[in-house]
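Participant: This is what each chain is made of:
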Amino acid sequence: MGIETKQDQVVVKSLWGDAWRTLRRNRAAMTGALLMAIILLAVTVGPWLSQYAYDFTDWPNTSIGPSLGTGHFFGTDTLGRDLFVRTLYGGRISLLVGVVASVVSLLIGISYGATAGYFGGRLDAIMMRFVDILYAMPFMFFVILLMVFFGRNILMIFLAIGAINWLDMARIVRGQTLSLKQREFVEAAQAQGVGALAILVRHIVPNLLGVVAIYITLTIPQVILVESFLSFLGLGVQEPMTSWGALVKEGSEEMETAPWMLLFPAFLLATTLFCFNFIGDGMRDALDPKDRQ
Amino acid sequence: MRIKKGHRLKLLLVAVALILGACSGNDDSVGMAGSLMVGGVNGDELAEAQVMRRGNGAEPQSLDPHRAEGVPSGNIQRDLFEGLTIEAPNGDVIPGVAESWRISEDGRIYVFQLRANARWSNGGPVTAHDFVYSFRRSLDPETLSRYTFILAPILNAEAVASGTMPPAELGVRALDDHRLEITLRSVTPYFLGVLNHSASYPVHRGSVEAHGNRWTRPGNLVSNGAYLLVERFPESHIKIVRNPYYWDNDSTVIDEVWYYPTEDSASELRRYRAGELELTSTVPSKQIGWAQENLPDQLVIAPYLGTYYYGINLTKPPFADSPALRRALTLAIDREIITEEIAGAGQIPAFGWVPPVINYTGQQMPEAAWTQAEREEEARRLYLEAGYSDEDPLRLEVLYNTLEDHRRIAVGIASMWKSILGVETSLLNQEWRVFLDTKRKKDEMNVYTETEVFRGGWIGDYNDAFTFSELMHSGSGLNDSGYINPDYDLLLELASKEGDLKKRAEYLQEAEIILLKDLPIIPLYFYVSTYMVKPWVKGLTTNIMNHHYSKNLQILSH
Amino acid sequence: MLNYFVRRILGIIPTLFVLMALAFFLIRLAPGGPFDSEKVLLPEIEANLRAAYHLDEPLYQQFARYLGNLLQGDFGPSFQYRDLTVTELIMTGFPISLRLGAGAMVFAVIFGVLAGSVAALWQNSRTDYFVMVISMTGISVPSFVMAPLLVLVFAVYLGWLPAGGLGGGSLRNMVLPVVALALPQIAYIARLTRGSLIEILRSNFIRTAKAQGLPMGKILLVHALKPALLPVVSYLGPATAAIITGSVVIEQIFGIPGLGRFFVQGALNRDYTLVMGIVVFYGVLIVVFNFLVDLAYAWLDPKVRYG
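Taken in order, these protein sequences are the chains called P, V and C.
Following this note's numbering from start to finish, the first sequence increments by one per residue and tops out at 293.
Following this note's numbering from start to finish, the second sequence increments by one per residue and tops out at 558.
Following this note's numbering from start to finish, the third sequence increments by one per residue and tops out at 307.
Don't read these hints as lab results, they were simulated from the structure.
These numbers come from a predicted model, not from an experiment.
Take the hints with a grain of salt, since some may be wrong.
Label pairs and their in silico Cβ distance ranges [stated by the list, open to error]: (1) V:113 x C:73: 48 to 54 Å; (2) C:71 x V:99: 53 to 59 Å; (3) C:38 x V:323: 46 to 52 Å.
Glycine is no exception: its CB is placed at the ideal position from the N, C-alpha and C atoms.
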């Protein structure tokens with residue numbers, strides 16, 4: 001079994017090595033990654049650069065434009081709160097929602113899809129039938145219902161969004177698992193009497209990482225958008241915390257009178273979505289065997 | 001195969017052409033007309049088309065006056081139906097279907113003389129029997145009305161509404177076809193004002209009985225007001241046109257009124273600016289500054305019969321038995337900031353409970369005369385006295401329902417409490433129905449379990465102090481603070497039996513002073529109504545109820 | 001083939017059952033009832049109201065009653081729009097949502113495929129980057145920013161188009177909502193088209209065709225586009241879902257009386273029957289649409305057989 005595992009790792013390693021080389025040549029993806037790193041750094045350490053707390057209301061300075069003199073680098077909102085700090089805090093929330101909800105959907109999706117694909121047969125048929133049923137649900141409507149009824153809990157947002165997205169993941173993973181199952185190293189492990197769970201964890205899942213990586217970079221921006229959609233309906237995070245979606249929503253109501261309220265958060269939101277999409281596309285080009293010639 | 005493909009491409013091209021064509025074919029009506037003279041040379045020349053398009057906030061729940069609730073349906077009802085009394089443009093109560101009335105010495109019996117020429121929109125006469133039928137129907141529990149309480153002054157109304165007495169026992173009877181007698185439980189100075197509320201409107205018996213639940217549809221709905229219903233498209237529009245049989249039809253100018261539901265007030269304003277509405281239901285508070293700068297002559301701001309306040313839960317710690325703490329929180333709020341920076345429409349900072357209504361002088365907390373700095377100092381003193389400090393701050397939760405202005409006010413107040421007193425406030429935003437549910441949840445000991453401080457707003461049902469005083473009565477279903485003070489209750493009962501207006505006002509004022517000493521609520525400001533109206537709409541007068549009958553309006557040429 | 005049809009159609013039944021049960025019990029779990037309002041109701045009237053809408057029965061009985069009525073095509077009375085039934089509301093709202101959604105879909109497919117093809121043909125050129133950046137902007141700017149922006153520019157400032165409303169069903173009133181709804185989808189479709197067209201253009205059979213000297217336009221239209229559209233077609237299912245969801249925002253901003261607007265109003269007001277009705281209705285629609293997409297897919301890709 002040891003020998004096969006090693007071979008397996010070699011295969012995986014060289015695949016990632018190749019992918020990395022391809023990815024590095026992709027200018028759009030690399031620019032995206034660089035920008036993303038800058039944004040991440042900014043939302044992490046940025047708030048310390050300002051003298052204002054995210055919930056401080058500067059009454060003499062409500063709705064003022066960006067200025068270095070007042071220390072409000074991005075201006076203030078209608079309550080005099082510093083937009084620089086709030087935009088960065090909002091970024092933390094949006095990115096957190098994006099990543100956590102994607103990971104939730106990933107975990108459910110992988111375990112579900114890999115189980116169905118690996119065991120196949122009756123179980124597979126039933127499990128996939130269930131996915132089909134869920135596909136027919138107007139899911140966004142259920143999310144709205146959940147948010148309306150059970151409040152603006154950030155955990156609820158993670159769960160609600162994560163619960164929608166796992167369906168795609170389950171389907172993709174199942175397909176991949178079906179083909180991986182036929183591969184020699186899996187058959188060899190089976191012949192040696194390794195348990196199903198061990199095979200899944202050691203052989204199947206590691207080989208799914210490529211697909212998963214592409215998928216997650218493309219899911220995060222979608223989730224961030226869904227969060228902003230919920231914010232539009234007034235169902236986002238609780239005040240005084242904020243998110244890019246909530247900020248953009250507030251800003252969009254002031255686009256004529258205080259455009260900075262829209263521009264800064266919208267720019268960061270759009271840039272982040274851009275970056276994730278470019279990185280995702282780049283990773284797909286790099287990792288998808290069809291494209292590599 | 002190939003031919004098919006060609007077809008598909010052609011189809012797509014046709015679709016593109018259609019869409020592009022749709023984009024370009026629009027030279028006829030540009031939104032805002034150029035700066036023409038409004039009203040011609042004399043300033044009162046009427047426009048040819050007398051069509052009024054009004055933003056109306058929301059889709060009315062029902063067009064049945066006895067089932068309707070809320071401001072949007074009220075606006076439409078006033079155009080469709082007419083009660084015994086109506087309001088003049090300035091809000092005064094004037095004769096409606098009743099052309100005159102006599103009130104007995106003791107103020108309990110009203111006899112109304114109905115107009116001989118009052119007609120339904122199908123031409124039939126409006127008689128005293130129609131009113132008897134309608135008042136009974138309005139109170140009958142089978143009708144499922146929510147506004148039975150407003151008719152409570154009528155003799156036996158409450159018993160009829162709760163089903164313990166048959167509707168025939170109600171104190172309303174027809175003396176003949178055109179004379180109606182209403183007997184009251186006790187003297188009620190504001191009773192004539194109740195008669196223009198939709199719960200008092202007459203409904204057409206024939207149409208209700210023939211069509212059942214479907215009687216409110218266009219074609220079935222027979223009404224007696226200046227207009228009649230011709231079209232209803234839910235969440236799009238309600239179209240009404242002039243009722244040719246209306247007794248005062250000759251004075252009506254507007255031929256057609258379109259009511260648009262406009263839940264999103266920012267969209268409503270954009271539609272107004274694009275020339276699609278003559279009158280809006282409101283102006284988003286954040287756009288008021290913009291409107292003052294750019295369209296000052298089209299923006300109207302007028303006092304409105306309502307108080308914005310925060311309720312305090314008195315049934316459990318930390319606020320039970322802690323008047324000092326309640327006063328500290330009340331004084332620490334800078335109301336000028338709220339009315340000027342946050343709500344932003346010149347609302348009146350409130351240190352009392354009853355807004356400016358007729359026949360009443362509102363009372364204020366003594367601290368109203370102080371400067372804000374003095375109030376804040378006193379607030380800090382009281383806060384320490386209540387046993388809190390920077391090391392051991394008060395932690396509390398403010399509950400409010402989802403709405404942009406509520407959110408901003410809550411954030412502002414939390415920030416004031418923090419900077420003045422050091423209170424750590426967490427904000428809980430809930431959607432309306434959940435909010436109501438949370439606010440009213442209590443255990444078997446009558447303790448409200450969920451709330452500490454909650455947002456409240458009360459719009460009066462009629463122009464009288466009592467509609468506000470009543471709210472804080474220990475038996476009121478709306479007293480979500482759990483406030484109980486026997487002295488307060490007693491004064492209200494004395495007032496409700498008092499025929500002398502001056503004495504009655506004194507009782508209510510004394511009650512208000514007690515309320516402001518106990519502070520089960522934190523008054524914040526008195527409402528204003530805000531709306532945009534085109535310069536060519538004539539006849540719009542502000543009034544405290546914010547009621548504007550379309551029949552009093554005119555469109556000038558422009 | 002027939003067998004396949006029958007199986008698919010039978011498969012719809014459990015799907016719809018789960019859907020209805022989920023919606024039915026979820027909305028009844030919600031705090032706050034349909035008759036709550038600021039004004040407290042007299043207990044007698046509240047009891048009458050509950051009886052009138054059968055809310056006084058045990059839950060399972062209510063569910064059974066609902067299913068029974070539904071089988072007869074009756075969605076029940078609306079709690080919020082008290083003068084109307086849910087069936088009537090769906091019948092007035094759906095044609096409008098359909099027009100909006102179908103318009104957006106056609107618009108998105110045409111411009112998406114066009115933009116994607118242009119980008120693919122001039123891969124890695126400035127044109128490519130330009131087209132892709134523009135279409136990415138479509139994804140990255142939320143529709144609740146794009147829609148008011150469009151209204152401000154085209155309705156308020158320029159006065160070319162109406163700012164909202166139905167306008168008696170006029171096409172002019174549909175332009176801005178359709179564009180605002182389609183923009184994000186254009187971007188997705190453009191990316192899909194670009195990706196798959198690039199792949200196909202690199203493939204052997206296109207190279208052969210090129211080597212034979214066939215004109216590029218012909219190669220593109222006759223040979224390349226059809227297989228390149230496969231991923232686009234399979235995206236149409238998710239796109240429909242996205243457009244239905246998006247219409248909630250668009251209908252709100254433009255004051256269009258479609259199902260999305262009814263749904264949000266219904267959810268906020270605990271209009272049990274209206275929410276149920278719309279969920280069930282859209283559930284059926286999505287199932288049917290997925291079925292049609294599968295058929296289209298089978299037609300485009302001969303490799304797929306009715307398995």
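Participant: Give a verdict on every hint.
Facilitator: So, going through the hints one by one against the coordinates:
Against the hinted window of 48 to 54 Å, the Cβ-Cβ separation of residue 113 of chain V and residue 73 of chain C comes to about 52 Å, which satisfies the hint. Against the hinted window of 53 to 59 Å, the Cβ-Cβ separation of residue 71 of chain C and residue 99 of chain V comes to about 56 Å, which satisfies the hint. Between residue 38 of chain C and residue 323 of chain V, the C-beta spacing of about 27 Å breaks the proposed range 46 to 52 Å.
Of the numbered hints given earlier, the model fails hint 3 alone.
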